[in-house]
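Chains A and B supply the protein sequences, listed in that same order. Counting along the first sequence from 1, when you hit position 21 you're at 21 in the numbering used here, and nothing is skipped either side. Position in the second sequence (from 1) plus 1000 gives the number in the numbering used here.
One or more hints might be untrue.
[Unchecked claim] Straight-line Cα separation of at most 35 Å, DSBU-like style, residue types lysine-lysine; simulated pairs:
#1 A:LYS139 x A:LYS80
#2 B:LYS1143 x A:LYS134
#3 B:LYS1046 x A:LYS139
#4 B:LYS1054 x A:LYS86
#5 A:LYS131 x B:LYS1143
#6 A:LYS32 x A:LYS87
#7 A:LYS134 x B:LYS1130
#8 A:LYS86 x B:LYS1130
#9 A:LYS80 x B:LYS1130
#10 B:LYS1143 x A:LYS80
No lab work stands behind these hints: they were computed from the structure.
As a plain string of letters, each chain reads:
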Amino acid sequence: MNLMTAMDVSATGMVAERVRLNVISMNLANAKTTRTETGTPYQRRTVIFRSRPMGQPFQQFLNEQLGEQIRGVEVVRIEKRGGDFKKIHDPGHPDADVNGYVFYPNINLVEEMVNMLEATRSYEANVTAVKAAKGMALKALEIGR
Amino acid sequence: MNSRSLSFGNWVGRTVQVLSRSLDLRSQRHAVISSNLANMDTPGYKPLELTFEKELQEALGQGGPQPIRTHQDHLPGTLDEAATIQPRLRQHQDYALGNGSYQLDLDREMARLAQNSVAYEVTAQLIARKLAGLRLAINEGGK
C-alpha cells in the first residue's frame, strides 16, 4: 500500500516540523532568560533533522527499489548553540556581574520568526500531501461502486 | 506477480490492466513526492523522481505478438507488457545546484503533487467508467 506509506512519510515530516516549532517557541519564550539550572543564560536550541528509511524490512523486500528510497524524516537531536551571549550594561539587574553587565541569550527574534514561518510552510506541505493521498485513496474506492 | 495469471484480465480487457498499473505507479510516485516533502529541511537529502511515462509508452508499443498496423496512426495492439512496467527512480536533476547538492523547490514539488493526484483520480475514474460499461453490457445483454 503505497498511499499508506506516503501518508506515513508525511506524518514523520509533520512530527519533525512540530518538534522544530516547539523548539522555536522555546527559544522565543526564553529570549530574555538570564538564569538556568546550569548558571548560564538560556542557550539557543536548534533541531537536527535526518532522513530515515520507511517501512518494515518485509515491505522493503517486496518492493526493493522503492522500499529503500522512500525516506521519512526524524529529529536526531536538539542541539544547544554556543554561548555568544549578548552583553548589556544594566547595573540594576539582579544578574548583573561586578562590572554591571547582564548576559542575555543569543537569540535573534527575526531569525526565529523566519524559522517559524519556514517550519509552518513545511508542515503545511506535508498536510497537503496527506490530503492528496487521502483523496486518491477515496477515489480508488469509488472504482468499486 | 504475473498479472496474466489473473484470468479475468481477458474479458475485462487490457485497458483496465494498463490503467490499474498506471494507478499503481502514480501511488508510488506520490510516495516519492511525499518523501521529498518530508525531507525538505533535511541537510544533504537528495530529492528523488519516479518516471514511467516513457516506459509506459514503450510497453504500449512493443512486446508479444503484434497485430499488423496498416496505418502509422493506428494504436499498437499489444498491452500485455503494461502490467509489468518498471518505473525508474533517480535523483531529481531539476533541483540540482550543480555542486553536488540539491535544493527542493517547494512550489514545483507541490505542483507535481497536485498534477499526480489529479492524474490518479482521472485514471481511477476511467477504470470505473470502463467497468460501468461492462456492467451495462451484462445487465442489458439478457433483456
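Quick rundown of the hints versus the structure:
For the suggested pair LYS139 (chain A) and LYS80 (chain A), the alpha carbons sit about 46 Å apart, so the restraint of at most 35 Å is broken. Straight-line distance between C-alpha atoms of LYS1143 (chain B) and LYS134 (chain A) comes to about 40 Å, which puts the hinted pair past the 35 Å bound. For the hint pairing LYS1046 (chain B) with LYS139 (chain A), the CA-to-CA distance comes to about 31 Å; that is within 35 Å, so the pair holds. A C-alpha spacing of about 58 Å is found between LYS1054 (chain B) and LYS86 (chain A), which places the hinted pair above 35 Å, so the restraint is violated.
Simply put, LYS131 (chain A) and LYS1143 (chain B) have alpha-carbon atoms about 44 Å apart, too far for the 35 Å limit, and the pair is violated. For the hint pairing LYS32 (chain A) with LYS87 (chain A), the CA-to-CA distance comes to about 12 Å; that is within 35 Å, so the pair holds. Between LYS134 (chain A) and LYS1130 (chain B) the alpha-carbon distance is near 23 Å, which keeps this suggested pair within the 35 Å criterion. Our distance criterion of 35 Å between C-alpha atoms is broken by LYS86 (chain A) and LYS1130 (chain B), whose separation comes to about 70 Å.
A hinted pair counts as satisfied when its Cα atoms are at most 35 Å apart, and LYS80 (chain A) with LYS1130 (chain B) does not qualify at roughly 60 Å. About 78 Å separates the Cα atoms of LYS1143 (chain B) and LYS80 (chain A), which puts this hinted pair outside 35 Å; it is violated.
In summary, the structure is inconsistent with hints 1, 2, 4, 5, 8, 9, 10 from the numbered list given earlier, while agreeing with the others.
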